Structures are given as C-alpha cells and as structure tokens.
Amino acid sequence: MREPLLQVQGLKKYFPVKGGLLQRRRDRVHAVEGVDFEIRSGQTLSLVGETGCGKSTTGKLVVRLLEPTEGTIRFRGIDLLTLSPREMRNLRREMQIIFQDPFSSLNPRLTIRQTVGEPLVLHEKGSRRERDDKVVHLLRKVGLKPEDRFRYPHEFSGGQRQRVGIARALALNPRLIVADEPVSSLDVSIQAQVTNLLLDLQEELGLSYLFISHDLGLVEHISDEVAVMYLGRIIERGPARSLFANPRHPYTEALLDSIPVRDPRQRKGGHRPLSGDVPSPIHPPGGCPFHPRCPLREEICTQTFPGLFEFSPGHIVHCHVRGKRG
Amino acid sequence: MNLSPLARRRLAGFQANRRGYWSLWIFLGLFLFSLGAELVANDRPLLVRFEGRTYFPVFRDYPETVFGGFLESAADYRDPEVREMIEERGWILWPPVPFSYDTINYNLAVPAPSPPTAENWLGTDDQGRDVTARLIYGFRISVLFGLTLTLFSSIVGVAAGAVQGYFGGAVDLLFQRFIEIWSGLPVLYLLIILASVVEPNFWWLLGLMLLFSWMGLVGVVRAEFLRVRNFDYVRAARALGVGDRVIMIRHILPNAMVATLTFLPFILNSSITTLTALDFLGFGLPPGSPSLGELLNQGKSNLHAPWLGIAAFTVLAVTLSLLIFIGEAVRDAFDPRRT
Chain A
1 MREPLLQVQG
11 LKKYFPVKGG
21 LLQRRRDRVH
31 AVEGVDFEIR
41 SGQTLSLVGE
51 TGCGKSTTGK
61 LVVRLLEPTE
71 GTIRFRGIDL
81 LTLSPREMRN
91 LRREMQIIFQ
101 DPFSSLNPRL
111 TIRQTVGEPL
121 VLHEKGSRRE
131 RDDKVVHLLR
141 KVGLKPEDRF
151 RYPHEFSGGQ
161 RQRVGIARAL
171 ALNPRLIVAD
181 EPVSSLDVSI
191 QAQVTNLLLD
201 LQEELGLSYL
211 FISHDLGLVE
221 HISDEVAVMY
231 LGRIIERGPA
241 RSLFANPRHP
251 YTEALLDSIP
261 VRDPRQRKGG
271 HRPLSGDVPS
281 PIHPPGGCPF
291 HPRCPLREEI
301 CTQTFPGLFE
311 FSPGHIVHCH
321 VRGKRG
Chain B
1 MNLSPLARRR
11 LAGFQANRRG
21 YWSLWIFLGL
31 FLFSLGAELV
41 ANDRPLLVRF
51 EGRTYFPVFR
61 DYPETVFGGF
71 LESAADYRDP
81 EVREMIEERG
91 WILWPPVPFS
101 YDTINYNLAV
111 PAPSPPTAEN
121 WLGTDDQGRD
131 VTARLIYGFR
141 ISVLFGLTLT
151 LFSSIVGVAA
161 GAVQGYFGGA
171 VDLLFQRFIE
181 IWSGLPVLYL
191 LIILASVVEP
201 NFWWLLGLML
211 LFSWMGLVGV
221 VRAEFLRVRN
231 FDYVRAARAL
241 GVGDRVIMIR
251 HILPNAMVAT
261 LTFLPFILNS
271 SITTLTALDF
281 LGFGLPPGSP
291 SLGELLNQGK
301 SNLHAPWLGI
311 AAFTVLAVTL
321 SLLIFIGEAV
331 RDAFDPRRT
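Going line by line, the protein sequences match chains A and B.
First residue of the first sequence: 1, per the numbering used here; consecutive thereafter.
First residue of the second sequence: 1, per the numbering used here; consecutive thereafter.
Extracted from the complex, chain A is given alone in its bound form:
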C-alpha cells in the first residue's frame, strides 16, 4: 500500500490554565489526548464530535498553527515537528486551512486580490501580471467573477466569502486542506453549494481533506473515512459506510441516533438521548472518558482506556464492552 499523505500518531495538546498571583500554571486543558489517524492522497477523513471535543484543535495542530505537546505528524513521510522554520514554511504550500467563520477569516482592509494574492507574493516568483492572472484563475475556479478581485470582503455574502477563503487556500496548489467546519456558519442552501465546490475541487485537483464537522449527515455524504472524537480522543474510526451502517461505540450510536429523521415513525428503535453533560476537559474522567455517560459501563471502563479493536478492515473502536463481544 502506498504511504499515506498524512500520518498522525499519539498527538497530544494540553493548554495551560493559568491563575493566581504570578500566573502560574494551575491546571491544564486536555484538548487532544493521543490521537492517531492517516489520510491517503485524494481521500477525505472527517473528524466529528461535539463542541469542545478537540476536533478543531487537532486540525490546527496538523497545519502547525498550534504546537503539539506530544506526538508526531508526518506529511509525505516527513516529520513536521523536526523541521526548521524555513523548511516548514516551504512545506506550508502543500497544506492549507479553511476556517469556519468567513467573516473573520478575511482581512476587511484588503481587497480580494490582495488576500488571494498574498500567498503568491510569498511563495512564488512571478510578475504582478502573472500573479493577477493566477488570482483570476483561482476566483473562476471557486465560482467567483474576475472583477470581484477589486472588491472588499464586506461586499460579499457569507458563501462568497467562504469561496474566497477556499481560493486563498488553493493558491499554492496544496495537497492537503484542513477544512475546519467550512460550511457550518452558512445557510443550508449555500452549504450544499460550497460542499459541492469542495468535492469538485477534490476530484479535479486530487486534494485530500481533513474535514472537521459536527454535521453527521454532511459527513456521511462526503467522507471516505470518519473518526469520532470524544474528549480529545478518537473513540471510533472507520470507512464512512461501515461506520454509519454499523456504529460500534455507544457514543457513536448515540450521535447517529441524534440525527433528525424526516419521519419519526421510521426511527429505528426508541430514541434514547444520552444523559449527563460532557465532563470538563480540565479533569477528564479516568479510564474510558465516556464511562460516566455510557449505558454499557462496566467496572473496567473506569480504570483503563480501552485498546483498539478492529471489527472489519479499517473499522476500529476503543471500547471494552463492544471489543469483548465483537
């Protein structure tokens, strides 16, 4: 099998919680607590989970907007964390990020041409003329008009701004794009347009996506693989079809169960919402982080984090109970 484009192993990120007289570190937020995954060229891995489960942090760690506390990130086999700043800067061309909020992700004082052209100025030697042509080309590619490049972000709608953000991310011909909830702040009709744009671009340019979302319906539609996160850990990961048809982890089950169905009578089984709240990531529960809310809880769940159990090829779950029976 070919080497994966992106390989993440044992990724951890703790944020210090400061306080007191001298701003000493009093505690830490366990935002990402040992995450492993791979993305192959041209494929999409989706990270799903509730707010605060560490999926956005994982995305930012991958493009090194944040420095991991522990773990390795290999991109094309190169360990990103050992690179010098200069080498890292060169590698940044190949991995880009699209942000959730299209209103804060564009500098309001720069024209679209300046925003989209900025990476070109930085990484590509070329005349102003060539750069301008490239900007026009990029705008066309994301479905904007060439004359839009002289306008400012406030003259655009949310969906159009997100297209500008995509054009900026595409400017350097990246191979991996981290899409951090790229459509969740858009209207539903626009969501479909932008999602389709992302899919078209993937097909055309052979992009890989790390797609971060909490919209399960959308994720099912676009992903090759899905990883479910809970309190900083991936608790289940597998091919989209297998995972949606056959969720193994009780948390995944609960998540899928919460997708609204058009006809309530078609709902499989009774609707059993999870009880309780997500515990604080400052003091995550020991053992399996899900155990305080888990309907299948056993004694062992409170003591150790379950190892990996593979159900079908590529479909893995971290669960003591389901692992035993499987």
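For the record, the hints were derived by calculation from the structure and aren't laboratory data.
All values reported here derive from a predicted model rather than from experimental measurement.
Among the hints, a few may not be true.
[As the list claims (entries may be wrong)] Negatives, chain B to chain A, calculated, CB over 12 Å:
id : residue
1  : L46
2  : E84
3  : I104
4  : T148
5  : I155
6  : I179
7  : L206
8  : F231
9  : Y233
10 : R250
11 : I252
12 : T262
13 : N269
14 : G327
[As the list claims (entries may be wrong)] Computed cross-link-like contacts, SDA-like style, restricted to lysine to any residue with a CA-CA straight-line distance of at most 25 Å:
id : chain 1 : residue 1 : chain 2 : residue 2
15 : A       : K18       : B       : R177
16 : A       : K18       : B       : A170
17 : A       : K324      : A       : G34
18 : A       : K134      : B       : G288
[To be verified] Far from chain A, by Cβ distances over 10 Å, these chain B residues were calculated:
id : residue
19 : L194
20 : A236
21 : A237
22 : R245
23 : N255
Think of the CB as a built atom: it goes at the ideal place given N, C-alpha and C, for glycine as much as any other residue.
With chain A's structure known, arrange chain B on it following the hints.
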C-alpha cells in the same frame, strides 16, 4: 478621492463636529502662517528697490557696500544710516512686524519691558524684544517640537505595543512591568536633572522627552494586537507562511491605527505643555530662543507689565484648546458606536 465607505462616514462624522472641524482649519491656518514667520516678522525688509535693481534681503545677505555703505559685512537695515542711504535712491518694503524674535529695539521711549505701542503692537519684553515677533516664532517652535515629538513617540510607542501584543506571554509580561516602573519615574525632575547635565538644544530636549513620552500609545496598541492576533485571517496568514513582521504590519497594524490616530492630538497637546513647562522653569530651549514658556516666566517676574503674561497665556490657551477640540472631534469620528 478614493475612500472606503467607512472612511467616508468617519470624515463626515468629523465634519459634523463643527467646533472640531473649524478648530482644525484655524490651527492649520495659524501653523502655516507661523511657518512663514520670516515673511511676517523680520528685521530685514522683504524687498529693497535700489538704483533700479531689486533685492530680497529676507532670503539673501547683501553687503552694505551694495547700497553705498563702506562695510563689507551684511547690511543692517534697521540702522538709520543704511535706511537713509537706500531711501535716497529707492525704497524699502518691510514685513508687517519689522522685528525678528531676537531683534532688540533700542529706540524705546520707556525702559523695557515697554507697553504696547504702534511700533511694538504687544509691547516688548524685558530685553527690548518685540513680543509679537516672539509669539509668532514661539508658537512655531512649540508646534514643530510637539509634532516631531508626537511623530517619534508614536513610532516607538506603536512598535513597542505591537511587539508586546503580538508575541504576548513572557515578552508582554516583562515589558509591561518595565513600563510600570519606567512610568513611575518622576519625569519632570528627571528632565530637569538631565537638562542641567547637557546643554539642551532642540534635538537634545526632543530625545530626553521621547524617553518618557512613548508610553502613551503602548496600551491601546497592545490591546488591539492582543485582540486581533487571534482572528482567523491572521491565522490564515500564518498558515500560508507569512512572516511575523508582515502579519504585524499588514494585517494587524491597520486596526491599531484608529486608536493611535485618536490619541495623536492629545499627545501633541501634552508635548507642547511639557516643553512650555520646561521653558518656564528655565530648563528648556537654549537662552534666547523664542519660547512661550520663557515669555510666561517673564510675565511672572514682571507683574507690572501684564502684556507679557497675557499675550503668552492667550496664545498657549488658544493653541491647546484648538488641539483639544480637534482631538475630541477625531475621537467622536472614530467612535465605533457612532459609525
């Protein structure tokens, strides 16, 4: 002019504040007027017509021999003999105030300081120098000093605030503590001590005052950088590999400029005040320079000559008030709750 809608709205907001708007024009008028002080108040004629030829003594030195005298040195046009020589075969055009700031009027009817007369509109000071001329030149040097100091302290202050806010963490913490200590120093005493160690001239004073005046802007700029550095567009730039310096200047600084601009008239104001205070105490500009503070001091020591104190006070009060009015209008125009 090509302005963004926001800038246009701010300009309209500034113009809507009539007091500030007119203050700006009056101040600009006064400042431009004082920039041409040499043409308004000078002890050399603007124009001399002599034997069919035209001379411009304001701009050039002419030896006395040109006008038929015997000295090789530059002609002193206030000398009655020189004046007579020229007027025999030509004429002289004087500026409205025929005194420069250091011209001593030896033909006073009463001992200096002499009260206002038709010749010395606002009287003379205790050394027989024309008060009007000294006010014009004093205003100019005060404003120029204030503007220069404001420019330099903005550059230093914005840079310091930007570095603190952008990098945050330990840099910010140490820098903030340093500023707290530095701003706790008794500035006026230090300036007095320093000014007595060196012979102060314009640039020395500027440097000394810059040591303390740069802190005014650090707070606002730092706050703005702390806020904006976590915006997604800054993150996007970082993910694209844009360097720290470019991010600071291109993506964050424009946000901080609004706050900076609002502060500028007030900083200018305090610069002028500090310079005047030092001059008043005698630790400011070198002796003999035209200075509002020095004139105030004369007014204090010559209470029987109220025109000194009143003149200096009026000019100072008008200048400072105009600047405050301008500052208020700028502040209102940039107020995010209004625009």
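Checked hints:
no. : hint            : result
1   : L46             : holds, 48 Å
2   : E84             : holds, 67 Å
3   : I104            : holds, 56 Å
4   : T148            : holds, 29 Å
5   : I155            : holds, 21 Å
6   : I179            : holds, 17 Å
7   : L206            : holds, 32 Å
8   : F231            : violated, 5 Å
9   : Y233            : violated, 4 Å
10  : R250            : violated, 8 Å
11  : I252            : violated, 9 Å
12  : T262            : holds, 17 Å
13  : N269            : holds, 29 Å
14  : G327            : holds, 24 Å
15  : A:K18 x B:R177  : holds, 18 Å
16  : A:K18 x B:A170  : holds, 13 Å
17  : A:K324 x A:G34  : holds, 23 Å
18  : A:K134 x B:G288 : violated, 64 Å
19  : L194            : holds, 35 Å
20  : A236            : violated, 6 Å
21  : A237            : violated, 7 Å
22  : R245            : holds, 12 Å
23  : N255            : violated, 8 Å
Taken one by one, the earlier hints fail for this structure at numbers 8, 9, 10, 11, 18, 20, 21 and 23, listed in ascending order.
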